[in-house]
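From first to last, the protein sequence lines are chains A and B.
Residues in the first sequence are numbered consecutively from 1, following UniProt numbering.
Residues in the second sequence are numbered consecutively from 1, following UniProt numbering.
Source of the hints: derived by calculation from the structure; they are not laboratory data.
Wrong hints could be hidden among the right ones.
Stated by the list, open to error - Here are the simulated DSSO-like cross-link-like pairs (lysine-lysine), alpha carbons at most 27 angstroms apart as the crow flies:
{"#": "1", "chain 1": "B", "residue 1": "Lys-109", "chain 2": "B", "residue 2": "Lys-123"}
{"#": "2", "chain 1": "B", "residue 1": "Lys-109", "chain 2": "A", "residue 2": "Lys-103"}
{"#": "3", "chain 1": "A", "residue 1": "Lys-136", "chain 2": "B", "residue 2": "Lys-113"}
{"#": "4", "chain 1": "A", "residue 1": "Lys-142", "chain 2": "B", "residue 2": "Lys-139"}
{"#": "5", "chain 1": "B", "residue 1": "Lys-123", "chain 2": "B", "residue 2": "Lys-113"}
{"#": "6", "chain 1": "B", "residue 1": "Lys-139", "chain 2": "B", "residue 2": "Lys-123"}
Claimed, not checked - A few chain A residues that face chain B, going by a derived Cβ cut-off under 10 angstroms, partial list only:
{"#": "7", "residue": "Ile-16"}
{"#": "8", "residue": "Met-20"}
{"#": "9", "residue": "Met-35"}
{"#": "10", "residue": "Asn-38"}
{"#": "11", "residue": "Thr-63"}
{"#": "12", "residue": "Lys-76"}
{"#": "13", "residue": "Lys-95"}
{"#": "14", "residue": "Asn-104"}
{"#": "15", "residue": "Asn-115"}
{"#": "16", "residue": "Leu-147"}
Idealized CB from N, CA, C, for every residue including glycine.
If you want the building blocks of each chain, they are given just below.
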Amino acid sequence: MKNSTGNMSELPDISILKCMQCGICSGSCPSGRFMELNIRTLIKKSASGRPVLDEDELWMCTTCYSCQERCPRQIKIVDWLLSVRSKAVHEGNIKPEHKQVIKNLLDTGHAVPINQENIEKRERLGLSSLPSTVVKDDGALKDVKNLLKSCGFDTIINEDQI
Amino acid sequence: MRKIALFFGCLIPNRYPGIEMATNLCLATLDIDFAELESASCCPAPGVFRSFDEMTWLTIAARNLALAEKMDRDILTVCNGCFGSLNEASSRLDNSNRKNKELRLQVNKHLEKIGLEYNGTVKVRHIIEFLSQEFGSDKISELVTHPLKVNVAVHYGCHMVKPTEKIKGDSAENPVFFDLLVEATGANSISYPDKNQCCGAGGGVRAGLHDRSIQMVEHKLKMIRSKEIDCIVDACPFCHMQFDSGQYEINNTQNQNYKIPVLHYTQLLALSLGYGPEDVGIDQNVIKNNELE
Ligand code: SF4
Ligand code: SF4
Numbered sequence: 001m002k003n004s005t006g007n008m009s010e011l012p013d014i015s016i017l018k019c020m021q022c023g024i025c026s027g028s029c030p031s032g033r034f035m036e037l038n039i040r041t042l043i044k045k046s047a048s049g050r051p052v053l054d055e056d057e058l059w060m061c062t063t064c065y066s067c068q069e070r071c072p073r074q075i076k077i078v079d080w081l082l083s084v085r086s087k088a089v090h091e092g093n094i095k096p097e098h099k100q101v102i103k104n105l106l107d108t109g110h111a112v113p114i115n116q117e118n119i120e121k122r123e124r125l126g127l128s129s130l131p132s133t134v135v136k137d138d139g140a141l142k143d144v145k146n147l148l149k150s151c152g153f154d155t156i157i158n159e160d161q162i
Numbered sequence: 001m002r003k004i005a006l007f008f009g010c011l012i013p014n015r016y017p018g019i020e021m022a023t024n025l026c027l028a029t030l031d032i033d034f035a036e037l038e039s040a041s042c043c044p045a046p047g048v049f050r051s052f053d054e055m056t057w058l059t060i061a062a063r064n065l066a067l068a069e070k071m072d073r074d075i076l077t078v079c080n081g082c083f084g085s086l087n088e089a090s091s092r093l094d095n096s097n098r099k100n101k102e103l104r105l106q107v108n109k110h111l112e113k114i115g116l117e118y119n120g121t122v123k124v125r126h127i128i129e130f131l132s133q134e135f136g137s138d139k140i141s142e143l144v145t146h147p148l149k150v151n152v153a154v155h156y157g158c159h160m161v162k163p164t165e166k167i168k169g170d171s172a173e174n175p176v177f178f179d180l181l182v183e184a185t186g187a188n189s190i191s192y193p194d195k196n197q198c199c200g201a202g203g204g205v206r207a208g209l210h211d212r213s214i215q216m217v218e219h220k221l222k223m224i225r226s227k228e229i230d231c232i233v234d235a236c237p238f239c240h241m242q243f244d245s246g247q248y249e250i251n252n253t254q255n256q257n258y259k260i261p262v263l264h265y266t267q268l269l270a271l272s273l274g275y276g277p278e279d280v281g282i283d284q285n286v287i288k289n290n291e292l293e
């Protein structure tokens, strides 16, 4: 497909308008074997201008990149999908489990923070009780929190809802 | 070889610290000049945070890159997720074109608020790619003092080899470089159906659609169990958790009896270099690794 000026190279890399619906992506998709995700039809839907932000399918992709590697039109399918997810999230379409992961990052600088069980595992191994990350450095944690604030990340979730 | 800033991320220090210990021991034994990247945060996890807000993801990643830049070291990751995230971020913020420099300018506006700046000079390595490139399987096997006689199901994990646009491995469809490193320890890498398929943990699926994610790893486990295999060897703590605690969950919910030991490559290598299972936390998995203890 050519765009209005007839110049392929002017299309953005992630343009799904180049999709020819060959189905190589969905045929390569491991999530599609176990879930309702059909990445080919999702792309079709979006390319034809229909809304996809509420689709649960968006969240079934493990970002394995099999589709993107094999797409004969070299569409950056995962990059596209992640950008759609991001729009969905900014419209408030976010799972409670993912809100918790966000809260973890906002509070601790880690998606998965340390806990007592693992402090003990570390000690048994002869490692320091806490790792040498932000968890041990209040100033660094404050820096990370300031960056998250500067990017407006805290506004994605309404903390009262958790 | 540039000097190394070792980046552990979240899951290794906070859930599988044995991998941290094993990595430290292996790098020291191989006489690699490394220092831990102190005061690092989450990489941040690509599947979730890049999904939520790209600028936030990139800025937090850039802080980690800038810390390594200050140490004048490249980053070495021991996790496919950290590698995927930081490698992608570094490739978008390097000096290769104007678009990257412009993006870096935006990121640096945030970093400026905490007195940091990133200049785009840090390369990001993955432990398997690093050992394979800088040493090679022949050299590793020369260093092995306790060859392991085990049959291994190797799991690469997606973000060690893909996207090939950003990662230059030997092949995304049929890679061999990890198998060669496993065999350097004396082990046999046994082929199994759907070997290169995803474990099901990534992209926020393990957190957001947990049962479906477990179905995906169950398929992998079934394929692995169909062969004569002593253990699974991975190179990512997220795949590791998916295989390890996944077996426990499947056993509890479906009356199954999976008990396949799961090792990170650094743990396997440490054993072959003469360390004991308890030195590197192989006894700390959810699935008890009795046969390897
Ligand atoms: S593989 Fe590419 S061209 Fe084919 S259907 Fe999928 S996105 Fe479209
Ligand atoms: S990246 Fe997502 S959509 Fe593409 S093949 Fe993998 S799971 Fe399917």
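(request) Against the earlier hints, flag every one the structure doesn't satisfy and list their numbers going up. (result) Checked against the structure, the hints that fail are numbers 4, 7, 8 and 10, while the rest are satisfied.
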